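Trainee: Sequences and hints are given; from them, build the entire structure.
2 protein chains.
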Amino acid sequence: MKGDMKSYQTLVNTYLKEALPKSTGDFKLLYEAMRYSLEAGGKRIRPILMQLAYEAVGGTEDIARYLCAIEMIHTYSLIHDDLPVMDNDDLRRGRPTNHIVFGEATAILAGDGLLNEAFEYMLEDAISHGGMERVRAAYVLSKASGTKGMIAGQILDMTSEGKNISFETLETIQRHKTGALITAATKMGAVLGLGSKSEIDALEAYGHYIGKVFQIIDDVLDEVSTDTVLGKPVKSDQKNHKNTYLSFYSVEECYQIADRLTVKALDVLKRINGDTELLADIAVTLAKRTN
Amino acid sequence: MKGDMKSYQTLVNTYLKEALPKSTGDFKLLYEAMRYSLEAGGKRIRPILMQLAYEAVGGTEDIARYLCAIEMIHTYSLIHDDLPVMDNDDLRRGRPTNHIVFGEATAILAGDGLLNEAFEYMLEDAISHGGMERVRAAYVLSKASGTKGMIAGQILDMTSEGKNISFETLETIQRHKTGALITAATKMGAVLGLGSKSEIDALEAYGHYIGKVFQIIDDVLDEVSTDTVLGKPVKSDQKNHKNTYLSFYSVEECYQIADRLTVKALDVLKRINGDTELLADIAVTLAKRTN
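Chains as they are written, first to last, in the numbering used here: chain S, 20 to 310; chain P, 20 to 310.
In case anyone wonders, no lab produced these hints; they're calculated from the structure.
Just to be clear, a hint being listed does not mean it is correct.
Put simply, identical chains are the same to the list, so a pair is met inside one copy or across any two.
Subject to a maximum C-alpha distance of 25 Å in a straight line, what follows is the list of computed PhoX-like cross-link-like pairs (lysine-lysine) [what the hints assert, rightly or not]:
no.: 1; residue 1: Lys47; residue 2: Lys162
no.: 2; residue 1: Lys62; residue 2: Lys182
no.: 3; residue 1: Lys47; residue 2: Lys261
no.: 4; residue 1: Lys47; residue 2: Lys167
no.: 5; residue 1: Lys258; residue 2: Lys167
no.: 6; residue 1: Lys182; residue 2: Lys47
no.: 7; residue 1: Lys216; residue 2: Lys283
Remember, it's a predicted structure, so these values are computed and weren't measured experimentally.
Mentor: The following block contains the structure:
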């Protein structure tokens, strides 16, 4: 498709609405809790990046299942992360968090459900489509979200709370906790679109750079924004004694680092023959975002 | 291979020891927590059933990844199920439960890690092997463990606590919560071994019958056994106001039902040409088990 960011976001939201079982019958509560968080809005940045990377390498088919899967996994991680025994957050995307509405037990199961559903949803498609590149894309996601990716980042983030950590450890946390899934988004798009090795590498590198920008700005906004603008409580890093880029750099320096990474992201896009205009726009926008 | 139950159990335990990253470096705590529960012992009934079903239809290759995956998923469900906001159990397989040793936050992440790892582990193998039947087996597992399978059973079990439910609802809970994964074990074995449609159906039916026996005896043992024999606290169903087969039948009637289901399981095995001796043994043993 051709369109602006808004139209891609609408497309993803349409796919997500169709992705889960309807909230009826014996398992109503589970599906309601899953839908509550999955349809809560959010920027949909990961599926949008995947679709754009897919199109950039020439992909023209329907990859809805993979777009939904990465958003399911992102959403499950937020639900579990918000739990009282984890970050204990009451507000997310401007609404009460999952466990506030449905209780902790259901929130845990809704998270488990979204993680499991992501793979079920992709595997069903991979079988009916028959293309091994779809299995490969599912594997890329599993690695990024797993115990050598996002979950590893979570545990290191948690065990580092309140401690003085090195800048290297901070970068390890970022690369795993948020970086892995954003990098997976663009890589999956390239894999699904049967991109060349060089295209896959370039889009992976692009994902790596903007993922880092995303985290740096996240840290900055948690410090300088307001609850209303951000849709979640600010100063939560401070409250949870988290190490962030602001433990090492000033707000101004953070913006400078983000700018330098954005230049690298734009640079690496030049290696792609297809249309990368929106990917470039996203890189620039991320560095300037206010929520 | 040829061997008795014990040798299959040893084989599975050897595979499981190799399955997870070693507990070193930044993510030590996560891997330790995952290993703690995955290597805690247990009957390994699901992977053993899978391997036996695989061999019964003539499979001769290495399906270690799928054996480990189903045990990872079973183990993650126990870790999350034992949490204070869920069943709040302190003892499992004769040892303190995961959250007692590692804390609730780490236990949640260890569970998430095992669920994710199961898919990562299978997908990596499916890609290097190249056979679509391996993707199909992973899909069978995802359906059984997911929001139309095990997790659905969990939510219904939870929302039914302390309520008077119909026998039909009890059976729906059992079929999803414990039945789905046991049935998936035998079906996956048949799928991986390239069994015929009739063989896959027969082994699926066998799994269905013995899964039900497994649950009925579980309910009975929770009532009539002791903590020491069972390796976990007895009377937990009563404590948690759970509906069980004993809400509808006496202990003696439960054993009669289990016997009738065992006959059906043995009957359906006759449709398989290969060696089903150990599968038959398991069916008989399950109905008589004391822990």
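Trainee: If a hint holds in the structure, say so; if it does not, say that too.
Mentor: Against the structure, the hints:
For the identical chains of this complex, Lys47 and Lys162 are inter-copy neighbours only, at 18 Å across copies versus 31 Å inside a copy, given an alpha-carbon limit of 25 Å. In the homo-oligomer, the alpha carbons of Lys62 and Lys182 never lie at most 25 Å apart, since the shortest distance is 31 Å inside one protomer and 41 Å across protomers. Taking the closest pair of Cα atoms, Lys47 and Lys261 come within 25 Å of each other only across two copies (19 Å); inside a single copy the shortest separation is 37 Å, beyond that limit. Taking the closest pair of Cα atoms, Lys47 and Lys167 come within 25 Å of each other only across two copies (11 Å); inside a single copy the shortest separation is 34 Å, beyond that limit.
Taking the shortest Cα distances, Lys258 and Lys167 never come within 25 Å of each other, neither inside one copy (27 Å) nor across copies (39 Å). Taking the shortest Cα distances, Lys182 and Lys47 sit within 25 Å of each other only across copies (17 Å), while inside one copy they are farther apart (42 Å). Taking the shortest Cα distances, Lys216 and Lys283 sit within 25 Å of each other inside one copy (19 Å), while across copies they are farther apart (54 Å).
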